[in-house]
Amino acid sequence: MELLHVEGVSFSYDQYTVIKNLSFKVHEGDYVWVIGENGTGKSTLIKGLLNLKKPSSGQIIFNETLKQSEVGYLPQQTVIQKEFPASVWEIILSGCLNQCGWLPLYKKSDKERAVKWMKELGIYELRDCCYRELSGGQQQRVLLARALCATKKLLILDEPVANLDPKATQDFYRLMHRINQENKIAIVMVSHDIENKIEHATQVVHLKKGEF
Numbered sequence: 001m002e003l004l005h006v007e008g009v010s011f012s013y014d015q016y017t018v019i020k021n022l023s024f025k026v027h028e029g030d031y032v033w034v035i036g037e038n039g040t041g042k043s044t045l046i047k048g049l050l051n052l053k054k055p056s057s058g059q060i061i062f063n064e065t066l067k068q069s070e071v072g073y074l075p076q077q078t079v080i081q082k083e084f085p086a087s088v089w090e091i092i093l094s095g096c097l098n099q100c101g102w103l104p105l106y107k108k109s110d111k112e113r114a115v116k117w118m119k120e121l122g123i124y125e126l127r128d129c130c131y132r133e134l135s136g137g138q139q140q141r142v143l144l145a146r147a148l149c150a151t152k153k154l155l156i157l158d159e160p161v162a163n164l165d166p167k168a169t170q171d172f173y174r175l176m177h178r179i180n181q182e183n184k185i186a187i188v189m190v191s192h193d194i195e196n197k198i199e200h201a202t203q204v205v206h207l208k209k210g211e212f
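UniProt numbering applies: residue 1 is where the sequence shown begins, and numbers increase by one.
Keep in mind that the hints are not guaranteed to be accurate.
Restraint-style ranges between C-beta atoms, simulated for each label pair [what the hints assert, rightly or not]: (1) K167 x N98: 32 to 38 Å; (2) N51 x K107: 23 to 29 Å; (3) S57 x G29: 26 to 32 Å.
No lab work stands behind these hints: they were computed from the structure.
Don't be surprised by glycine CBs; every beta carbon is placed ideally from N, CA and C.
The whole structure should be built from the sequences, with the hints applied where relevant.
The structure is reproduced here in structure tokens:
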């Protein structure tokens, strides 16, 4: 099933075009890598996929069965976020907020989903810990669990290994492959890591300055 169709999309700032005539599709269970050096429009594309920036031409079409609020998103971490004074449980459970409707109360199924992802990502024993006391790799898994609580179909990752050491990077890639295979969640991973061997990608979108 097709979840997302990027059709002839261009993005511009004033008169400068950062992405030109880009097209690709994401189907259920796909693992799509969007790669490119700095300045090629990766962050702009993410804003477009999240409906935070309108394309100057073309269109981004979501399947009618996939609501915008049901897209999981793992952003790049900032220094302030790393020091966030909340528990692991609170952060992960907050991924369910978009599905709570106008009344922000968590259902039993929300809590069960949070527990499921904590266990799958190996961080269940950290549930009562303060987020800012965790290692970088642990924090990344917490944020990933939060993003997974928000979706059952599509996960968008923005430079998820940017601040990880080589071992943690490879561990993360293996983890994402397992999640993709076992849960059939489509993944769009945006990265500047063009040197790494992309073993498990079903599709690679290589952005270059002003073109595709």
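- Message: Hint compliance check: list the failing hint numbers for this structure, sorted ascending.
- Response: Going through the list in order, the structure violates no hint and respects every one.
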